[in-house]
Structure formats: C-alpha cells, structure tokens
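Novice: Take the sequences, apply the hints, and build the full model.
Take a look at the letters that make up each chain.
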Amino acid sequence: MSGSVTVHLTVNGVEHELEVEPRRLLVHALRDDLGLTGTHVGCDTSNCGACTVHLNGDAVKSCTILAVQAEGSAVTTIEGLGGEGNLHPLQEAFWNDHGLQCGYCTPGMIMASAALLAENAHPSEAEVRHALDGNLCRCTGYHNIVKAVLSAAEAGAGAPVAS
Amino acid sequence: MSATAEPHVGRPLRRKEDPRLITGRARYVDDISLPGTLWAAFVRSPEAHASIVSIDTSAATARPGIHAVLTGEDMADLAGPLPMAWAPPGVEVNNPPHWPLARGSVKHVGDPVAVVLGEDRYAVVDAAEDVIVAYEPLPVAIDPEQAIAGAPYVHPELGTNQVHSWTLAGGDLEAGFAAADVTIQRRVINHRIAGAPIEPRGVLADYRAGALTLHTSTQVPHFVRLFVALLLGLSEEKVRVIAPEVGGGFGAKLQVYGEEIVACWASRALGRPVKWIETRSENMSVTHQGRDQIATVRMGATRDGQITAYHVKILADLGAYNMLLTPLIPSLGAFVMGGCYKIGAVTTEITGVFTNKCPTDAIRGAGRPEATHMIEVMMDQMARELGIDRLDLRRRNFIPKEDFPAAVATGVIYDSGDYVASLDKLLEHVDVDAFRAEQAQLREQGIYRGIGFSTYTEICGLAPSRITGPAGVGVGAGLWESAMVRVHNTGAVTVYTGTSPHGQGLETAFAQIVADRLGVDPSVVEVIHGDTGTGPEGRGTYGSRSLANGGEAVAKATDKVVAKAAKIVAAELEAAPEDIEVSGGKFSVKGSPEKGMTLAEVAGIAYIGAVPEGMEPGLEETTFNDPENFVFPFGAHACIVDVDTATGKVNVVRYVAVDDCGNPVNPLLIAGQVHGGIAYGIGQALYEHVVYDDDGQLVTGSFVNYALPTAAELPNFELDHTITPSPSNSMGVKGVGEAGTIAATPAVTNAVIDALAPLGVDYINMPLTPMRVWRTIQEAQAR
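Each protein sequence line maps, in turn, to chains S and R.
Note that numbering that gives the first Met the number 0 numbers the first sequence so that position 20 is 19, with each residue one more than the last.
Note that numbering that gives the first Met the number 0 numbers the second sequence so that position 684 is 683, with each residue one more than the last.
Hint data in this document are derived by calculation from the structure and do not stem from the laboratory.
You may find that some hints are simply not true.
What the hints assert, rightly or not - Subject to a maximum C-alpha distance of 16 Å in a straight line, what follows is the list of computed EDC-like cross-link-like pairs (lysine to aspartate or glutamate):
1. R/585 x R/520
2. S/146 x R/717
3. R/15 x S/91
4. R/559 x R/619
5. R/555 x R/625
6. R/15 x S/83
7. R/589 x R/573
8. R/555 x R/620
9. R/585 x R/5
Specialist: Structure follows, in structure tokens:
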C-alpha cells in the first residue's frame with residue numbers, strides 16, 4: 000500500500016505515536032496496534048455500535064473513522080473506563096442488572112451509555128432507548144441494558160468521563 | 000471460604016462471567032494473536048448459480064506479502080466434503096457434495112471459490128479482488144414452490160430439487176377430519192431469518208509438529224474437532240478445538256463450516272497459523288440461516304370446539320446444500336406440532352427443497368418456532384370460525400394436568416405441564432375485559448390496538464440418545480452430556496463441562512449447583528468449557544440442553560464426589576457414610592454439626608492418600624449423562640400492539656410472558672434468556688427477513704437492510720412464571736433459551752390480526768412489515 004503516516008493518539012491517558020497506513024481504521028489501530036481488544040467489530044456498516052469508543056469525549060464508531068482522522072485526539076476505550084476493583088458505575092450496573100449475556104456488544108453499549116449520561120445525567124427510559132438505537136444487542140432484548148443505564152444514572156454515573 | 004446455609008440454587012446471583020466482559024478483558028477469537036499468523040480472505044461467488052470456467056490467481060499471488068492463493072483443486076486431498084449428520088432410518092436424503100472451496104460450480108451468492116493467505120489483514124482483501132474468476136451463469140432456482148415443481152435444478156445431476164420427504168403421523172387423520180364439523184385451511188409462512196450474532200464467526204488455526212489447535216467461534220467444539228480430523232486425515236486426539244469467548248450463537252454457530260476446514264488445511268500446508276475473521280456481509284450471505292417454510296395447514300374441530308385433526312404439509316426451503324443438520328430442522332417442530340393440545344390425530348409431512356440460496360439449519364428454536372407459530376395462529380383462526388373465545392378454545396383443548404406424563408399423537412411423552420395454571424397466571428397480569436373496553440375507546444379515536452396470545456410448549460434439553468440417535472430420529476451421534484468435577488487440595492473446585500456456553504451464564508449456574516452440594520461458595524467453583532483439550536468428550540450448547548442435560552451431568556458428577564467425600568469423612572469421624580451430610584459448609588454427622596470437616600480438609604486427606612482402605616486417592620469424578628426423556632417447557636404469552644393504519648407500522652405496546660422452565664437455578668439468568676428470546680421472536684415477526692431477488696442476489700446483505708430490532712423498537716417485558724418440575728432429571732429443571740422465541744411470533748401476529756379485525760383483516764403472514772400490513776389493510780377494505 001501507499002506507505003505509512005504517523006498518528007499521535009492519547010489513548011486511555013497514555014500517549015502513542017503510531018505508523019499506520021492512511022486507510023487504517025481507528026478500531027484496528029486500537030485493537031491490533033495497541034492491543035486494546037475490548038473494542039469489538041460487529042458489522043461493516045456502522046450499524047451495530049460494538050466498536051463505540053469516546054473521541055475527545057464524544058461516542059464514535061471506531062470502525063467508521065480512520066486512525067489519521069483521530070490525529071491529536073484523546074480516545075477512551077472500555078479498558079480506560081474502569082477495570083476490576085475500579086469499575087465505572089455503568090460497568091457495575093451492567094453486572095448487577097444482568098445487562099449482558101455474550102458480552103460482545105457490551106463495551107460499545109457501555110461507552111455509548113457513558114456518553115449519554117455525560118450529556119443527560121438523568122434520562123428517561125425513552126431517552127435511553129433512543130440514545131442506544133445505534134447499538135445492537137442480540138442477546139438481552141435490551142430490557143436489562145436499559146435497566147442498567149437507568150440504575151447507573153441513579154447511582155450518579157452521569158459525571159464526565161475522564162480521558 | 001464461606002458458605003451460607005441458604006442454598007445458592009434458586010438465587011439470582013450476578014454472573015461470574017461478567018468481570019472480564021464488562022472491562023474489555025475477555026478474549027474472543029479475533030482478540031487472540033499468534034506469532035507468524037497469516038490472514039485469510041475468501042473470494043466468493045457473485046453469482047447465484049454458475050459454472051466456474053477458470054480461476055486466475057496470478058495477479059493476486061504476485062502481490063507483496065501474499066503467500067498463497069488456494070482453490071478447491073488445491074485442496075483435492077480432503078478426505079470428503081463438509082458433513083451432514085442426519086440419516087433418518089428409511090428415508091432417502093439427497094446429499095450432493097458441499098466442498099469448503101467450490102469445485103466446478105457455485106450454488107449461491109457467497110459460495111467460496113478461493114482463499115488468499117498473506118501477512119496483512121488489509122492486503123489479503125486487496126489481493127482477493129485480484130483473483131479473476133470466469134463464471135458461466137446457469138439458470139437459478141429461487142422460489143421454493145417453483146423449484147420443487149421442476150427445473151432449473153440446483154444440482155442438475157440429481158434431476159430434482161427435492162432434498163427429502165419425511166412424515167410423522169399419529170392417530171387416524173381421516174377419521175379425525177370426518178369427525179370435524181368445521182375444517183379450516185391456511186397457508187402459513189415462516190420466512191427466512193438470519194441468526195445474526197453480533198460477533199461474526201472467526202477462526203485461528205495453528206498446525207505445528209503434527210498437532211492442530213483451532214480457535215473457532217463455535218457452539219460445538221467437539222463436533223468441529225471430529226470433522227476437522229476426518230477431513231484432514233488427522234487422528235482426532237491430535238486436534239484441539241477451543242471455543243474461546245463466543246459472542247452469541249443462536250444456532251448459527253452450531254455448524255461445521257468450510258472456513259474452519261480451509262484455515263486448518265492452509266495452516267498445515269503453509270506451516271503458519273492462519274486467521275480468518277468473518278465480515279458482516281459474509282455473515283449475512285454464508286453463515287447458515289433459519290426457518291423458511293411454506294406450510295399448508297388444515298385443522299378440524301367439532302362445533303363445540305374439540306380439535307379433532309391437524310394436518311401440516313411443509314415445504315422447507317433448505318438453500319443450496321445440506322449442512323450439519325439442515326434437513327432435520329423442520330422435523331424438530333413435528334414432535335410438538337400439536338402444541339399443548341390434546342389432539343387425537345396429528346400428521347406432519349415435510350418436503351425439503353434445494354434453492355440457490357444460503358443453506359438453512361438450526362436458528363434459535365429450530366423447527367419449534369415454526370410449529371408453534373402454526374398451531375397458535377390456527378387456534379385463533381379456528382376460534383373465529385367457531386365463534387368461540389380464543390382462550391376458551393385453548394382451555395377446551397389443553398392437555399389436562401392429570402394426564403402428565405402425557406403421550407401425545409406425535410409419539411413423544413410430554414414430561415410435565417400445567418397449561419391452565421400458566422394461562423391463569425397470565426390473566427392475572429392482563430385484564431382482557433378492561434383491554435376490550437380500552438380497545439373500543441381507542442378505535443373511536445382511530446387508534447387500532449390489538450391483543451394476541453400464545454400458549455406454547457416446546458421440546459428441548461436435546462438428549463435422549465435412544466430417541467435422537469442413529470436408531471431413532473437419525474442424528475449421527477448420541478446427544479448425552481459430560482461433566483468432570485475436580486476438587487483441589489485447597490477445597491476449590493474446577494468443573495469441566497462438555498457444553499459450550501456463549502452468553503447463557505452457565506459458569507454461574509453450574510457453580511451454584513456444585514456449591515450447594517459440596518458446601519462451598521460459588522466463588523471457588525470455576526467452570527471450564529469449550530476446549531476439547533481439557534475436559535471429557537462433550538456435545539456442546541444448543542436446543543436448550545445445557546442445564547437439563549449438561550447441568551444434570553454436573554450434578555451427578557458432584558454427587559459422586561460427595562459420596563466419596565462422605566466415606567472419607569465417615570472414616571475420620573468414626574461414623575457410617577450414610578450418616579454424613581453437607582450442612583453449613585461442612586461434611587458432618589447428622590445431628591452433630593460441630594464435628595464437621597470442610598471440603599478442603601476432606602481434599603487434604605484424599606490427596607495425601609490417607610484414604611480408607613480399598614479407596615483410590617484423589618477427589619475427582621466424571622459423568623456421562625444420557626437422560627431418559629426430553630424436557631417440555633411451556634407458558635402463556637400476551638402481546639399488545641398498536642397498528643398505524645396509514646403506514647402499516649406495528650408498535651409493540653406491551654408484552655407479558657409467563658414461562659415455566661421447571662425448578663429455577665438462577666432467576667436472573669432465566670429472565671435474561673426470556674427477554675432475549677422474546678426480542679428474537681418480535682424481530683422475526685415484525686422486522687427481520689432475509690430477502691433474495693429473482694436472480695438469487697441477496698438483498699439483505701448487511702445490517703443496513705436486515706433490520707434487527709433496536710432498544711427503540713422494543714418495550715420492557717413483563718415476566719412471571721409458574722414452576723412445574725420436570726421428571727426428566729434429578730433437579731427438575733427445563734431449558735429456557737429458546738422458549739421466548741418459540742412463543743413470541745404468534746402472539747405478535749394474533750395481536751395484529753386482532754387490531755385490524757374491524758377493518759376486515761382476518762389473516763396475515765409474517766413478516767409484518769409496514770408494507771405487508773398496509774397492503775393487507777387495503778386488500779381487506781377492497782373486499
């Protein structure tokens with residue numbers, strides 16, 4: 000392919016300089032180059048949202064953005080949201096409320112939910128359902144996902160996400 | 000280690016699986032990297048049916064970083080084609096060869112023709128576009144009713160498109176219809192849907208030093224191992240198949256896929272690990288699909304509402320090839336074709352037909368959603384015909400509670416049921432009279448609201464080898480299940496199950512079962528699954544079998560451990576083994592809890608070897624469980640919809656489900672399975688439809704045009720349950736993974752018909768898309 004370009008990304012608070020093909024998708028830079036495999040790919044068309052990450056605080060679908068478009072940006076992935084012993088309230092709520100089954104859509108679902116709560120700390124059920132309509136889940140029927148987001152909001156998850 | 004006196008079974012424990020999944024630390028196939036891995040990309044047919052004239056791989060091979068381009072010819076040394084594992088006694092099944100890479104011709108869009116192997120994930124896709132394949136298009140068979148009537152043929156050498164013909168008949172059908180005052184007939188369509196797990200398939204094959212390790216996103220690692228070994232000419236123990244974290248299956252990963260065989264073959268040929276990750280477009284065109292039945296359904300009843308005869312003739316569009324269980328799937332519905340009703344004569348005739356489409360096979364429910372849709376829609380149709388309330392008609396025909404275990408006309412024995420109880424429970428939540436008043440009021444405002452019901456039973460816990468196996472239904476392997484329970488020196492426990500969960504939460508449910516029996520906390524019980532290199536031979540996860548069959552195996556293996564532990568404790572405490580009980584986290588003599596031993600103390604004795612004379616050291620037991628009967632979950636669902644008569648759009652307003660899956664192990668997991676199952680059924684009823692055009696081109700090739708329901712389309716689900724233990728296993732449990740899907744489509748369909756009844760609509764087939772609904776309204780109005 001046509002050579003490579005240098006991309007500077009701050010991912011989960013750590014600065015990286017990557018040499019990538021200009022066509023490299025952000026999701027592959029995160030997964031294959033940085034080893035952050037918590038962000039998943041579920042479709043080719045930005046319908047499923049499994050690849051949702053935060054780019055400068057906004058939820059974006061990282062399979063539909065080139066790594067070069069993220070030059071100079073701050074990216075937060077599921078790994079940066081919280082880990083074991085240090086769970087984000089949304090992660091805790093998804094666990095408590097059985098908001099996941101196979102877990103494949105879960106990181107994207109949690110990142111999309113975090114972006115929602117950052118904008119709207121106490122959404123209604125309808126607002127949650129509308130906000131998550133870009134994230135597909137085939138296991139849960141969304142019932143417990145919606146419940147988890149609402150209970151996380153209750154628990155104060157609406158504080159801005161550190162990136 | 001702590002243990003409470005309260006049992007863990009029956010409690011809504013949050014899942015042991017979740018910490019890795021919510022933090023992004025789980026490992027799906029694409030998350031696993033091996034040094035030196037080559038990427039694979041497939042060259043796939045754009046034609047629905049064609050001869051392959053030539054394949055020119057030179058340009059692709061010449062590209063930098065490309066190691067090989069393989070075609071079907073290169074893999075000529077395969078021991079055979081892809082497997083079909085159903086041989087029903089006395090039934091001929093046409094089974095033309097289905098090769099991992101096409102040989103001479105392609106039969107549906109997406110059929111693989113070649114595979115490119117190279118260093119880079121993007122570069123192999125570029126190179127695949129440089130493989131020049133010359134096709135000579137052939138006439139296509141797309142419409143199943145035309146295809147069964149004659150040429151053009153999908154496999155011209157057969158001279159027919161018929162795959163097979165299979166009948167299950169019980170009772171005297173002719174006499175049943177003769178006894179009927181009223182006979183109705185409908186054409187019922189269960190359209191084609193995609194399994195659509197959010198994780199597409201993926202494989203990572205690594206052949207080294209005579210042994211092969213295959214990571215694959217599958218529900219059936221042991222079946223995959225068997226056929227990889229057979230096709231590649233390897234001894235089975237030299238093949239290790241690992242299903243790592245699997246991102247949903249829904250039947251679509253109950254399969255032995257060509258890509259698995261190709262990756263293994265290529266890894267052996269090239270001496271490098273080979274990885275392939277399916278794209279969504281590939282998933283929509285080559286991962287097996289489900290349903291796709293056109294049925295002529297006849298039901299006879301007396302004037303007072305006794306169903307006397309039921310006759311279902313199914314034309315099943317099986318697509319271009321038989322895959323692992325393709326032609327069997329419609330038959331699974333035949334065993335519960337009469338639903339939860341006492342009908343003296345039930346006959347199901349199934350004809351399978353080849354078309355130039357992706358093959359069908361098991362998709363969540365597999366035959367049973369189709370059967371349930373038919374009987375439940377027909378019950379409403381008959382009620383209308385007879386002028387009897389549709390719930391009354393159901394009650395008049397329910398198999399009564401006292402009949403269980405109930406031998407039904409379809410030849411199986413329903414294990415347990417109380418259909419009146421589940422319907423009564425449903426009606427505690429749904430006030431039909433109040434609804435009718437509200438409905439009438441809304442109609443005055445131009446809002447068309449309807450209510451639909453579905454009272455269902457299904458057959459699952461796929462097991463009894465004597466029924467499902469070669470001498471019975473004809474599946475080529477007994478469907479028992481295994482478990483091995485190992486107590487460590489520390490008193491922690493590792494359980495190896497032959498099931499292969501992919502979201503069901505079995506690590507948690509099985510830990511609960513083991514914890515109670517051994518007097519430990521579920522946190523110290525680890526459940527290992529999906530790896531042929533660790534535990535005993537297994538059969539995998541499908542057919543709502545994992546708890547009733549695999550969980551029962553875990554319980555039995557644990558009981559063997561308990562029995563041995565009791566002997567050790569009895570010797571230590573100078574008591575009789577039969578007087579030892581597990582209570583308060585200890586093995587103790589009944590009546591003297593203060594003198595007990597913990598599991599860790601027992602394990603210490605077992606491994607030091609200071610066991611009673613004549614006893615082997617160690618504390619580990621294995622069970623192969625083969626139940627005597629299936630399990631038959633049941634329930635009653637109600638759906639309330641609004642139909643926008645101007646646009647035809649259906650909106651689910653309320654969904655209430657009462658399900659009975661026997662004794663609950665973990666209510667949280669049960670609710671999750673029911674929620675997801677209902678969403679799957681609503682998805683089929685209202686949104687999802689795999690569409691091919693007249694040329695065999697796939698119209699729904701991605702999530703842009705295959706409409707999975709989102710959170711915005713679905714309501715919250717209201718759940719309740721009854722508990723009727725199953726006599727088929729010691730725990731009294733039944734499966735629940737498919738129940739919601741099986742029950743939902745007729746509830747939705749009956750609700751839409753109810754909503755539109757004042758407009759003259761009395762029947763409609765799925766999918767209830769706005770266009771279909773709008774047209775149906777227009778046609779009814781024009782009558």
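Novice: Tell me, which hint numbers fail for this structure?
Specialist: none
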